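Student: Listed below are the residues making up each chain.
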Amino acid sequence: DQQVKQNSPSLSVQEGRISILNCDYTNSMFDYFLWYKKYPAEGPTFLISISSIKDKNEDGRFTVFLNKSAKHLSLHIVPSQPGDSAVYFCAASGYGGSQGNLIFGKGTKLSVKP
Amino acid sequence: DAMVIQNPRYQVTQFGKPVTLSCSQTLNHNVMYWYQQKSSQAPKLLFHYYDKDFNNEADTPDNFQSRRPNTSFCFLDIRSPGLGDAAMYLCATSRGGSFGANVLTFGAGSRLTVL
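Protein chains in written order, with the numbering used here: chain A, 1101 to 1214; chain B, 2 to 116.
The set of hints was computed from the structure by calculation and includes no laboratory data. This structure is a prediction, so every number in the text was calculated from the model and none was measured. Each hint should be verified, as a subset may be incorrect.
Stated by the list, open to error - Derived list of chain B stretches under chain A, where covered just means 3 residues or more per stretch with a C-beta under 8 Å from a C-beta of chain A: (1) 42–53; (2) 103–114.
To be verified - Simulated DEER-style distance windows between Cβ atoms: (3) B/80 with A/1160: 43 to 49 Å; (4) B/21 with A/1103: 27 to 33 Å; (5) B/68 with A/1111: 36 to 42 Å; (6) A/1112 with B/59: 18 to 24 Å; (7) B/6 with A/1107: 19 to 25 Å; (8) A/1209 with B/4: 23 to 29 Å; (9) A/1140 with B/85: 22 to 28 Å; (10) B/40 with A/1112: 43 to 49 Å; (11) A/1214 with B/61: 28 to 34 Å.
No residue lacks a Cβ here, since even glycine has one placed at the ideal position from N, Cα and C.
Looking at chain A on its own, in the form it has when it is part of the complex (with noise of 0.2 Å):
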C-alpha cells in the first residue's frame, strides 16, 4: 500500500507560468518531506525539503507547502523553465529524518514548453 502518492503521472505546462505538483501521504508519523528531481540517465537529486513544523519553505523559483491536516504537499515552480523538465519525486520520512527510510512516490513528469 502506497503511503506517499503522486497521483498526476504527468504534467505539461508553458514557459513562464507556475508548475503545480502535488503530493498526497497517509503515514501521520511522517515528518519531513523532501522533493527530489530526476533527468534521464542520471540519479535523482535533492530540490528542496520542509518539516512537519513548517507549512512552508522557499528556495528561488521553488516553493514547498505542507498541509498536515490534509496530509498534503506541493511544489510550485515559479517561473517554470524548460531545463525544468524532468520528473519529480515526492518522499517522506519519520523519526524527525535523521534516520532512513525515504518513502518516495512514483514521480511526475514535468515538461516545460518554450
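We have chain A already, so just place chain B on it with the hints.
Tutor: This is chain B only, laid out in the frame that chain A set:
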C-alpha cells in the same frame, strides 16, 4: 567533485546467474542505501548500512544481499536473478545523525537486464 559512483551503469545477466553491483562514495557519509526502481514505480528501499550496521527492509527478498567492506564502498549482490529483478538499482548516501540530515545523494544508477 565529491560524489556517488555506481558500476556498471548497465548490466545484462542471464536468469539465475549471480550479479554484483558496486557503489563508491567520496562524501564520507555514514549511511549507504540501495534502492530498486522498476519502470514507472517509486524507488523502493532494499536495505541500508549505518556505518557497519546493516538494516534490511522486511520485504526485501533473501536473493538480495549487501556488503560494506569500508566507509567508501557498498555492494549489492543478487544471488539468483529472476526476470522480476530487472530494474534500475540506485545507490544513495546520507550523513545520518541529526534532524534534517536525511538528504540523500544518489548515484546515476545501474540498470539490470535479466535474459
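Student: I want to verify a distance hint. Is the separation of the beta carbons of residue 1140 of chain A and residue 85 of chain B within 22 to 28 Å?
Tutor: holds (23 Å)
Student: Could you check the hint for me, namely that residue 1214 of chain A and residue 61 of chain B are 28 to 34 Å apart, CB to CB?
Tutor: For residue 1214 of chain A and residue 61 of chain B the Cβ distance comes to about 43 Å; the hint is violated.
Student: Can you confirm whether chain A covers the segment 42–53 of chain B, using C-beta to C-beta distances below 8 Å and requiring at least three such residues?
Tutor: holds (count 7)
Student: Given that the segment 103–114 of chain B was listed as covered by chain A, double-check it with a C-beta distance under 8 Å for 3 or more residues.
Tutor: holds (count 8)
Student: Per the hint of 27 to 33 Å, is the separation of the Cβ atoms of residue 21 of chain B and residue 1103 of chain A within bounds?
Tutor: holds (31 Å)
Student: Is it true that the C-beta distance of residue 1112 of chain A to residue 59 of chain B lies inside 18 to 24 Å, as the hint says?
Tutor: violated (38 Å)
Student: Is 43 to 49 Å a correct range for the gap between the Cβ atoms of residue 40 of chain B and residue 1112 of chain A?
Tutor: violated (21 Å)
Student: Range first: 19 to 25 Å. Now tell me if the beta carbons of residue 6 of chain B and residue 1107 of chain A are that far apart.
Tutor: violated (34 Å)
Student: Cβ-Cβ distance between residue 1209 of chain A and residue 4 of chain B: within 23 to 29 Å?
Tutor: Check passed, 25 Å falls within 23 to 29 Å.
Student: Regarding residue 68 of chain B and residue 1111 of chain A, is the given constraint of 36 to 42 Å on their beta-carbon distance met?
Tutor: holds (40 Å)
Student: Is the hinted range of 43 to 49 Å satisfied by the C-beta distance from residue 80 of chain B to residue 1160 of chain A?
Tutor: holds (46 Å)
Hint check: violations occur at hints 6, 7, 10, 11; the rest are consistent with the structure.
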